[in-house]
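Asker: These protein sequences, in sequence, are chains A and B. Counted from 1, the first sequence has number 261 at position 262 by numbering that gives the first Met the number 0; the numbering is strictly sequential. Counted from 1, the second sequence has number 80 at position 81 by numbering that gives the first Met the number 0; the numbering is strictly sequential.
Think of the hints as simulated: they come from the structure by calculation, not from any bench. Here a beta-carbon is modelled for each residue, glycine too, at the ideal position from N, C-alpha and C. Be aware that a few hints might be false.
As the list claims (entries may be wrong) - A few chain B residues that don't get close to chain A, going by computed Cβ distances all over 10 Å:
#, residue
1, G5
2, V7
3, L73
4, T85
5, G92
Unchecked claim - Going by beta-carbon spacing under 8 Å, a handful of chain A positions derived as facing chain B:
#, residue
6, R40
7, A55
8, G196
One-letter residues, chain by chain:
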Amino acid sequence: MSDEEETPGNRLRKELPDERPAAPPAEEAAVPEAEPGLTGRQRLVQGLWPPRVTRAQLIVAVLLFGLGFGLAVQVASNSDSDSALRGARQEDLVRILDELDDRTQRLEDEKQGLEKQRDELENSSDQAEEARKQTVEKERQLGILAGTVAAQGPGITMTIEDTKGTVEADMLLDAIQELRAAGAEAIQVNGVRVVAGTYLTDSDKSVSVDGNKITAPYRFKVIGNPQDLEPALNIPGGVVQTLEKEQATVTVERSDKIVVDALRAAKRPDYARSSSQ
Amino acid sequence: MIAVLGLVVGVVAGLLVRPEVPAVVEPYLPIAVVAALDAVFGGLRAMLDGIFDDKVFVVSFLSNVVVAALIVFLGDKLGVGAQLSTGVVVVLGIRIFSNAAAIRRHVFRA
Numbered sequence: 000m001s002d003e004e005e006t007p008g009n010r011l012r013k014e015l016p017d018e019r020p021a022a023p024p025a026e027e028a029a030v031p032e033a034e035p036g037l038t039g040r041q042r043l044v045q046g047l048w049p050p051r052v053t054r055a056q057l058i059v060a061v062l063l064f065g066l067g068f069g070l071a072v073q074v075a076s077n078s079d080s081d082s083a084l085r086g087a088r089q090e091d092l093v094r095i096l097d098e099l100d101d102r103t104q105r106l107e108d109e110k111q112g113l114e115k116q117r118d119e120l121e122n123s124s125d126q127a128e129e130a131r132k133q134t135v136e137k138e139r140q141l142g143i144l145a146g147t148v149a150a151q152g153p154g155i156t157m158t159i160e161d162t163k164g165t166v167e168a169d170m171l172l173d174a175i176q177e178l179r180a181a182g183a184e185a186i187q188v189n190g191v192r193v194v195a196g197t198y199l200t201d202s203d204k205s206v207s208v209d210g211n212k213i214t215a216p217y218r219f220k221v222i223g224n225p226q227d228l229e230p231a232l233n234i235p236g237g238v239v240q241t242l243e244k245e246q247a248t249v250t251v252e253r254s255d256k257i258v259v260d261a262l263r264a265a266k267r268p269d270y271a272r273s274s275s276q
Numbered sequence: 000m001i002a003v004l005g006l007v008v009g010v011v012a013g014l015l016v017r018p019e020v021p022a023v024v025e026p027y028l029p030i031a032v033v034a035a036l037d038a039v040f041g042g043l044r045a046m047l048d049g050i051f052d053d054k055v056f057v058v059s060f061l062s063n064v065v066v067a068a069l070i071v072f073l074g075d076k077l078g079v080g081a082q083l084s085t086g087v088v089v090v091l092g093i094r095i096f097s098n099a100a101a102i103r104r105h106v107f108r109a
């Protein structure tokens with residue numbers, strides 16, 4: 000690293016710069032280029048003004064241009080946004096890197112958890128849709144059983160002619176129970192839907208079903224498997240034989256299409272409420 | 000005067016152009032700048048002393064830069080780059096201070 004001070008004759012000044020003011024004349028005398036009458040300040044002013052285009056000035060200008068350029072570039076690149084990391088020590092950088100890794104890991108875990116949750120929610124909404132469909136289907140099935148919706152399908156028609164007025168409620172109840180036992184799914188008697196809570200009572204010469212008086216002939220429209228229903232009625236000692244013993248005439252017809260369209264209003268229970276369980 | 004203009008133009012150009020520093024040069028640029036500053040202060044002091052010589056200035060400027068970069072390069076290769084560049088900056092800083100003191104005596108006579 001040589002510089003101006005290493006020119007011959009100036010070594011002393013380099014090593015003992017503080018002594019310079021003590022012996023300025025001697026030093027200036029030792030310098031051949033020095034203009035004896037001028038002080039440093041005068042030389043500075045002389046160099047600055049007036050501007051002279053000399054070889055020395057141009058060369059120094061070029062070098063100083065390089066210095067200024069490098070200085071500005073370095074300052075600019077140092078004041079970039081990442082200067083916080085640029086000046087950090089290695090241990091700090093390692094720590095920051097570790098922290099970032101941890102953070103990334105945590106966020107990754109969180110992401111996985113959220114994705115899993117999303118999948119579960121999507122599945123459960125699918126399941127809810129399926130459950131809703133099944134509920135609607137079940138509601139229709141239960142509506143048929145409860146008598147709140149009309150039903151149609153294969154089944155039988157049973158007509159009981161009772162000219163003597165000997166048929167009583169318990170006989171009809173036997174018939175209904177026999178039909179139920181044989182798998183009847185929807186029953187109506189003379190326009191009255193028979194459901195689980197149906198009751199039959201005798202009244203004068205006729206029968207009341209759920210309080211609706213019906214008179215002979217009693218026409219049962221039953222939906223179910225005809226191959227099951229008809230033999231169930233006709234078994235020896237069964238409904239048909241019992242009724243015929245009472246002088247009633249019973250005819251049973253199979254049909255591919257029985258329409259049970261007598262409806263019963265859905266009754267809302269006073270106390271019982273549906274439970275989600 | 001031309002020299003001062005050169006410095007100013009260099010700073011302005013560096014700020015305006017904002018070139019991307021090549022990765023190879025990047026570690027050496029700050030040290031080179033400090034070394035060049037040292038040479039400039041030495042040159043200024045020589046001028047005030049009336050012993051300025053442009054040839055000496057050019058040689059000292061360039062050799063300062065090259066040697067400083069070389070030391071940092073060597074330090075990097077030896078694995079002591081950070082410490083060595085700190086040392087170079089300290090040495091150059093001391094020299095800049097002593098030169099600045101001499102310049103101060105010339106200009107302010109104090």
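Asker: Regarding the assertion that T85/B does not contact chain A, is the least Cβ-Cβ distance greater than 10 Å?
Answerer: Since the minimum Cβ distance to chain A is about 12 Å, T85/B lies beyond 10 Å and the statement holds.
Asker: May I ask you to test the interface hint for A55/A with respect to chain B, counting a Cβ-Cβ separation under 8 Å as satisfied?
Answerer: 4 Å, holds
Asker: Hey, does G92/B actually stay past 10 Å from chain A on C-beta?
Answerer: 13 Å, holds
Asker: Decide, holds or violated, for the assertion that all CB atoms of chain A are farther than 10 Å from the CB of V7/B.
Answerer: At about 7 Å from chain A, V7/B fails to clear the 10 Å cut-off, so the statement is violated.
Asker: Measuring from the C-beta of R40/A to each C-beta in chain B, is the shortest one below 8 Å?
Answerer: Holds. Min distance 6 Å.
Asker: Examine each Cβ of chain A, and state whether all of them lie more than 10 Å from the Cβ of L73/B.
Answerer: 14 Å, holds
Asker: Please settle this one: G5/B was flagged as non-interface, so is its CB more than 10 Å from every CB on chain A?
Answerer: Given that some Cβ of chain A is not farther than 10 Å from that of G5/B, nearest at about 3 Å, it is violated.
Asker: Let's test the interface hint: is any C-beta of chain B closer than 8 Å to that of G196/A?
Answerer: Constraint on G196/A not satisfied, violated at 91 Å.
Hint compliance for this structure: hints 1, 2, 8 are broken, all remaining hints hold.
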